[in-house]
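Undergrad: Chains as they are written, first to last, in the working numbering: chain F, 1 to 336; chain B, 1 to 429.
Everything labelled a hint here was simulated from the structure, so no lab data went into it. Hints may contain errors.
Stated by the list, open to error - With the Cβ distance kept under 8 Å, some of the chain B side facing chain F (calculated, not the full set):
| id | residue |
| --- | --- |
| 1 | D108 |
| 2 | A245 |
| 3 | G246 |
| 4 | Q401 |
| 5 | A421 |
Unchecked claim - Computed footprint of chain F on chain B, listed as stretches where at least three residues anywhere in the stretch have a Cβ under 8 Å from a Cβ of chain F:
| id | stretch |
| --- | --- |
| 6 | 78-86 |
| 7 | 146-159 |
| 8 | 275-282 |
| 9 | 387-393 |
| 10 | 403-417 |
Stated by the list, open to error - Label pairs and their in silico Cβ distance ranges:
| id | chain 1 | residue 1 | chain 2 | residue 2 | range |
| --- | --- | --- | --- | --- | --- |
| 11 | B | S229 | F | G77 | 42 to 48 Å |
| 12 | F | A60 | B | A421 | 46 to 52 Å |
| 13 | B | A208 | F | V179 | 48 to 54 Å |
Predicted model, so just to flag it, every value in this text is computed and none were measured. Cβ coordinates follow ideal geometry from the N, Cα and C atoms, glycine included.
Listed below are the residues making up each chain.
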Amino acid sequence: MAALPAKLGVVVTAPLVLLARAVDPPLRWWQRMAGQGGMAAVFLLPNLAIFGVFVLFPLALNFVYSTTAGTDILLQGRSFVGGAQYARLLECRDYLDPLTCREDTFWTAAANTLVFVVLQVTMMVVVSTITALILNREIRARGFFRAVFFFPVLLSPVVVGLIWRWILQRQGLLNLVMVSLGLEPEVWLNDRTYAFAATIGVSVWAHMGFYTLILLAGLQAIPKDLYEAAEMDGTRPARVFWRITLPLLGPNLAVVLVLALIRGVQIFDEVYVLTGGGPGTSTLYLTQYIYEVGFASVLRNPGLAAAASILMGLVLVVLTLCQLWLSRRGEAKGAK
Amino acid sequence: MTETKLTCVAAMALAGLGTAASAQDATELRMMWYSDGIEGEIMADLLERFEAEHPGIDVVLDNVAYQVTQEQLPIQLASGQGPDIARVASNLKSDSEHWLDLRPYLSDEETAYWEENFGARFDWMRPDGSDAIPGFLTQLTLTGGFANATLFEQAGVELPGPDATWDDWIEASRAVAEDQGLPAAFAIDRSGHRISGPNASFGADYIAEDGSPAPVDAATLEFAGRLVSWAEDGTMLPDTWVSAAGTTYRDARESFVNAQVPFWYSGSWQVAFLSESIGDAFDWVAVGSPCGPEGCSGLAGGAGLVAVKYTDHPEEVATLMDWLAGEEIVREFSKRTLFLPAHAGIVEAGGLDFASEDPLVPPALDRFVEASGETLPLADALPAWEWAGIYYGALVARISQVMADEISMEQARELMDRDIADAVENASQ
């Protein structure tokens with residue numbers, strides 16, 4: 001009986017053994033030919049191929065699309081127009097007034113995205129920091145609360161959008177509560193200010209768990225003896241926070257800041273489900289604009305959408321470079 | 001057992017799996033289908049019968065949301081992909097270059113049958129000047145209004161008569177809403193198609209003499225202006241139109257079914273849904289299209305079942321399409337779905353006994369049939385007009401912005417003209 005599991009194991013692994021035997025001779029031959037350095041290239045090649053096929057090639061293709069016009073998806077059915085799509089996007093009499101721009105909804109979406117990112121990222125960093133500070137303390141049921149704050153991160157953005165839509169819509173949960181308290185119900189998602197605030201609040205709720213986790217890791221890496229020394233010196237808690245916690249949390253805060261910025265610029269799914277970009281265009285952000293123009297609208301223009309996504313990509317590249325610079329600066333300070 | 005033997009057993013097992021998979025030699029066809037009411041279930045039932053009669057063909061019914069046929073299907077088609085057959089409504093004409101011409105796969109007798117019974121509306125689903133047979137309309141639709149008769153009765157307000165104007169209807173509905181404490185008096189689906197019948201009633205003309213899109217005219221702005229003022233003063237439910245950006249489609253049926261509005265403008269395809277959802281909660285009636293200065297026009301339309309030309313199995317697709325287009329099948333489909341048939345022979349024969357025990361259904365369908373005789377020339381021309389979808393899209397996107405107080409009506413007119421011109425130029429490249 002004891003031999004049965006062993007035999008079963010042989011059967012299950014047999015195809016893998018066959019495969020390993022088949023690839024072994026060519027690999028040995030390659031190692032003899034190319035040496036140790038060449039083998040590294042062999043093992044990197046699959047990853048590089050995947051990166052090339054799924055990242056670099058679509059990127060290049062997207063750029064090619066941005067230089068074409070037409071409604072066809074296949075390149076052979078599209079006409080080359082050079083930089084006309086970029087010119088159309090950037091043509092503006094007054095950049096502060098989207099309505100004077102040739103592609104007014106692009107600039108409206110860009111302005112909305114800018115305001116959204118500034119407010120959402122600020123709120124995200126503040127709320128995540130406060131939450132991390134609280135969860136870092138010796139409070140009762142700390143593990144439970146950490147799980148509670150992290151839980152929304154596990155939800156699909158569509159689910160997040162739907163949940164909050166059911167809460168905020170005319171006959172939603174929030175109005176039900178308000179009516180039961182004798183208050184006047186409000187149509188939250190039809191009001192420009194409320195709808196905009198809702199997109200910020202919902203995205204903070206959905207993603208703050210992730211950033212809290214990063215900051216919590218940073219807080220736990222701060223040496224305890226620094227706090228003990230401060231306590232022995234009778235330093236006030238506020239001074240401890242400003243002089244010890246915040247400076248040592250700096251590198252983590254920088255990472256959180258840049259990651260939140262990048263995700264803020266890319267905001268789409270939960271907002272699309274929650275408000276659909278409305279009322280009017282008050283919660284129309286850049287990614288939804290690109291989606292609408294490229295795919296969803298009857299006024300479809302894939303070339304224009306590709307050009308807009310290239311411009312947005314440039315913004316993201318700048319933000320990513322900032323992140324790299326901040327991380328390296330943090331590492332360099334740490335090394336000193 | 002030696003290691004070699006075990007390896008052989010494993011290899012044979014793998015080979016066996018492969019053999020089993022290749023044993024299924026029936027041709028598989030995929031049909032993309034959206035439902036307004038119960039038609040998905042009826043179609044599934046019909047397809048089971050088809051498969052029993054044609055053992056060599058296996059049909060997979062992919063039930064999707066309407067928005068998928070509107071947003072994702074065009075992308076699939078543009079890249080030479082897609083299902084073998086699709087049920088399409090708003091993109092029937094604009095995507096017509098992707099439909100398969102069934103003519104080569106039909107016998108002369110079958111071709112004559114298709115021409116005779118569905119030929120009047122082939123232009124709705126094929127490029128201008130083409131003689132292709134791309135499919136058939138599973139139903140004929142007409143936009144029109146529905147009123148919550150119970151709410152009107154409770155409010156002591158009489159339902160406006162058949163010649164009532166839009167203003168009459170809005171005034172009466174407002175009185176009902178005020179009396180009953182409803183959030184709004186009226187709702188209309190967020191769709192350019194839906195407002196184009198009323199626009200025609202106000203004298204709008206979208207089509208220039210050369211068939212290209214005409215500039216947005218004063219009559220279009222007349223009805224649009226009414227919609228905006230009704231949205232601003234709370235007469236019209238803002239949830240449908242104001243609360244989305246771009247050309248996103250939204251219907252207001254949940255608001256009507258939940259008795260939030262006494263009057264809703266949508267179309268005949270909602271009858272089965274209303275009957276199913278409302279049951280005996282309240283009485284509702286179809287009221288046709290309210291009148292404007294030029295007439296009381298709704299907008300005809302329909303959902304078409306079309307074959308996609310990228311199919312690998314055109315003959316099997318033609319076999320299925322011809323079976324579904326058969327008079328008995330169309331008759332059964334219409335009776336069970338409560339859809340108006342687009343089959344000339346069935347319409348001529350009359351006496352279609354709709355399979356509903358709901359006493360509200362027959363008068364509603366009768367009202368739509370009656371209203372179909374009141375459509376104006378623009379409304380008759382739009383379903384077969386190449387640029388209709390683009391025009392509808394521009395109307396929805398910009399009028400919503402006016403409702404949200406982002407732009408003025410005059411700015412909206414300029415932007416709509418520009419959007420339409422841009423889209424036409426892009427489509428022509």
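Undergrad: Now tell me if each hint is right for this structure.
TA: Hint-by-hint comparison with the structure:
1. D108: Violated: closest Cβ of chain F sits about 35 Å from D108 (chain B), beyond 8 Å.
2. A245: 3 Å, holds
3. G246: This interface hint holds because 5 Å falls under the 8 Å limit.
4. Q401: Result: holds, 5 Å to nearest chain F Cβ.
5. A421: Check failed: Cβ of A421 (chain B) comes no nearer than 11 Å to chain F, outside 8 Å.
6. 78-86: holds (count 3)
7. 146-159: violated (count 0)
8. 275-282: Violated - the stretch 275-282 of chain B has 0 residues with a Cβ nearer than 8 Å to chain F, which falls short of three.
9. 387-393: Three-residue rule met by the stretch 387-393 of chain B, so holds; n is 4.
10. 403-417: holds (count 7)
11. B:S229 <-> F:G77: 42 to 48 Å: Holds - the Cβ-Cβ distance for S229 (chain B) and G77 (chain F), about 44 Å, lies within 42 to 48 Å.
12. F:A60 <-> B:A421: 46 to 52 Å: Given about 31 Å between the Cβ atoms, the range is violated.
13. B:A208 <-> F:V179: 48 to 54 Å: With Cβ atoms ~52 Å apart, the hint holds.
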